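Chains as they are written, first to last, in our numbering: chain R, 1 to 322; chain Y, 1 to 317.
Keep in mind the hints are simulated off the structure, nothing from the lab.
Keep in mind that this is a model prediction, so the values were computed, not measured.
Warning: the hint list may mix true and false statements.
If you want the footprint, here are the derived chain R segments under chain Y, 3+ residues with CB under 8 angstroms [said to hold, decoys possible]:
1) 109 to 115
2) 119 to 131
3) 134 to 144
4) 286 to 293
To spell it out: a stretch of chain Y is covered by chain R in this simulated footprint if at least three of its residues, at any positions, have a beta carbon under 8 angstroms from a beta carbon of chain R; those stretches are [said to hold, decoys possible]:
5) 22 to 34
6) 183 to 195
Positions of the beta carbon are idealized from the N, C-alpha and C atoms, including for glycine.
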Amino acid sequence: MNFLRKAVVASLSAAWLFAGAIVHAEVVIVLNSGEGSISLIDKAKMEEIKRVPIGKEPHHLMATPDDKFLIVANAASNDLVLLDPVTGDIKKRIDKISDPYQVGFSPDRKWFVSVSNRLDRVDIYNGADFSLVKRIPTAKVPSHVAFDAKSTMALVTMQDSDELVGIDLATQSVKWRMKTGKMPAGVWMTPDDKYALVGMTGEDYVEVIDWRTQKLVKKIVTGKGAHNFLAMGDGRRILVTNRVSNTVNIIDQTTLTVVDTIPVPGGPDCMELTRDGKQLWVTSRWIKKVTVVDMDSKKIIKQIPVGKSPHGIYFASHAARK
Amino acid sequence: MFEWIANLFAELHGHVFQTAVLPLLHAAGYGGYAELAFDATEVFLIGAIEITLLAIVLGALERNFPLEQQDEEEKRVDVIYTLLQRLGFVPLLMFALLTPLIDGFDGWLRMHDVIPWKLEDALPALNASPWLSFAVYVVVLDFVAYWLHRWQHRVTFWWSLHALHHSQRSMSFWSDDRNHLLDDVLMDGAFALVALLIGVPPAQFVTIVVATRVVESLSHANLRLSFGRIGEYLLVSPRFHRVHHAIGFGHEGRARGCNFAVLFPAWDVLFGTANMDPVYPKTGIRDQLEGKEYGRGFWQQQWLGLVRLGSSLAGRN
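Turn these sequences into a full structure, and let the hints guide you.
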């Protein structure tokens, strides 16, 4: 009897552990912008678990400041979908957000800024309840947004008019505009809040801009189609994708130089790095795949088939955003 | 099987885009159009594969079971129209012309706090089912296509352009795209506006167009083919559409014609314009019998279309 009880307890414990493993299997969330779906990938097995319809043209995603939800911006559906950041389950839909392409919260969480890529607008919402504060008409094809540490400015790249624009958040108005190289896309603020790094997708370099004086400080040659950034979590290095040369560079923010190059095929676009810095996950935009790179050997571990035109990517156990 | 084909196509699409299109685009300083060029490459490749398959299948059927003798010179001009349209050159031109207008209008609406309505607002279930949403869009857009087609025949100045499509007296599966470019502007503009108003995303719009044009090619084929007693009411057949192109009664009468449907004959049945007679008449426009000229080559046809439009607007026709 005693043996039977032990066996039952042992079986239940094993079952509980197994169920726990299933429940906690971490999911990678990929936005298939060309087919209106998200791919949920088992991060450990590196296999797509399922594909879920999400809305029209989901391009970018970000966690809410409290990390409770993951926001997916559906540009053509004019809405935001809030997901569970660990499981990818759809939790809520927020309507009446006009053409949200790239989105971002100011560091003080007061403002939620939505960049309207198709309609040449930057829309500023209340960060607490997503109520519209102001729509600001801009130059052609606003692309990405970054903020200064004090939340006074939103810096927005203008992809087709080759400009970086500074928007004063207190007055919700354009404070300054400056010319850049061809097709500025991703924009990243250095940790000392001094420089904005801007990826020139129409060129092969990253511009280092002193945003307070609107002066070009330096051009860091990376690769053709320099596009988007991701912090590596150590406060020093960042990654940049080069969509045409099919590479990812590591840039040292203190020396403002390229310190390494990683080949990533298929038009590398958005990235996510594991907390331990060992795996880099990249959406390969032109080949319907996510590419996983081993950061020690700089070799590709696996390419995982996903939906059409994969763009944004996220997993909860990511490297710190610094 | 379907997934295998889709993956194979994705490989081809990615390869062609990255090796042939993207480097050229960047070299020319148009890297900003990468995503548009990516979609255009897809349209081009799908079009090339589609035309090849249609030429093999429908070409073989037309050669072996022709309804009537073909004018090969006329057919060659229709091939040019088909290549221009289905390899994406005309759609790209239309996109360049219409996008600033549509986006300008859409942007103006947003500045006045109007976000265009979409079908999903009324039927939230569509958010969870892309196939259902695709089906609903096809039905809605086909309904719109029926009425736009009626107006192509009813509105005098529009008919002066659309007549080019009906001037083909030697109809074949190549004839579907034989249109005046201004007729394309009007149709595509109206469609784009409707797509905006009901919220069809551009990528899905392309898929709908590609899927429906196979039926449109078949409906123009030089074949004695009907879909049977029930089938004739379900999908537009070569018999159904030939009657629409018929000399004498295809463009005349109270509705200025019959059988206007593009995909589903149900619209003609519903609005009283269906002709289900089991006949395969000669095609063309009545005034061609009296010697009216609509042009032999591409440029002549386009020019004469403009002349007819001018006369129509001046009230001489």
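When the hints from earlier in the document are held up against this structure, which numbers fail?
-> Hints 1, 6 not satisfied by this model.
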